[in-house]
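Q: Every letter in the sequence shown is one number past the one before it in our numbering, and letter 205, counting from 1, is 205.
Treat the hints as calculated values from the structure; they're not laboratory data.
Among the hints, a few may not be true.
[To be verified] List of simulated lysine-lysine pairs, DSS-like, C-alpha gap at most 30 Å: (1) 239 x 186; (2) 239 x 98; (3) 239 x 183; (4) 186 x 98; (5) 148 x 40; (6) 183 x 168; (7) 68 x 98; (8) 50 x 40; (9) 196 x 168; (10) 186 x 211; (11) 211 x 50; (12) 148 x 196; (13) 186 x 168; (14) 196 x 211; (15) 211 x 183; (16) 183 x 98; (17) 98 x 40; (18) 196 x 183; (19) 68 x 40; (20) 168 x 148; (21) 186 x 196; (22) 239 x 168.
In this text, all values refer to a predicted model and were calculated from it rather than measured experimentally.
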Amino acid sequence: MIDAHCHLDFDAFDSDRAQRIADAVSEGVSGFLVAGVSEKGWSVQRALEKQHPELRMAYGLHPWEVAKMSSSQVEQQLESLAGCVDFALGETGLDRTKHCPEETMPLQEYAFRAQLALARERNLPVILHIIRAHGRALEILREDGLPKAGGMVHSYSGSAELVDDYQKLGLFISVSGGITRMKERKASAVLAAIDKNRLLVETDCPDQAPKDRGLGVRNLPLWLHDVVASVATLSGTTKEEVAQRTRANTLRLFPDW
């Protein structure tokens, strides 16, 4: 199986990163897509990719980071991003949670559109972070367009009804430990709406630990198994089928893996 979105570059793993990766690999997690959030972490990602052949890197400017910046800082980071992105672009998107005051939305949208344009220019898959802003994000995606390489909505948290809107754009839908914290009826409906050939799984570690692991704990790469098991239970299938299917889907989205 492949973890389609994680943050193994974060300092939460500085003390035991190699061991945590090895633990997951020994239990069948063969690859990890590390998503970038800002220039501060991109150099860490580059170093890790050389050290760990299981890792692939996406570089992007996260809406939470954009919300902390001035327009000139965003411009500088977008310029730097253009110099390093080569496999996939992300995270990018829109966020209307407490992390991003409403007044930051115009700058978020600017950064989102600029990154979509770069992804189209390079024909790189995009990794989308969209929370409580699905309507506006869909408008922008329809207006501006996606790269031919497509992309994924990471850690999907929207309704079952919105799934098809994203899939019609050619996007894959990734679920994380958040699926274990949804009400069962909603989680089952979301999974039923996702085309089995567009489903991905992820940890988003060190965030979003599966429900049974407790609150406020560091999420671990190995716990991708929990996500796969939850998807299997909610979908009425087996862990093996989910693991194999989502691995194949990930490799279709990222054929240069």
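Q: Hint by hint, which ones does this structure get wrong, listed from lowest number up?
A: 2, 11
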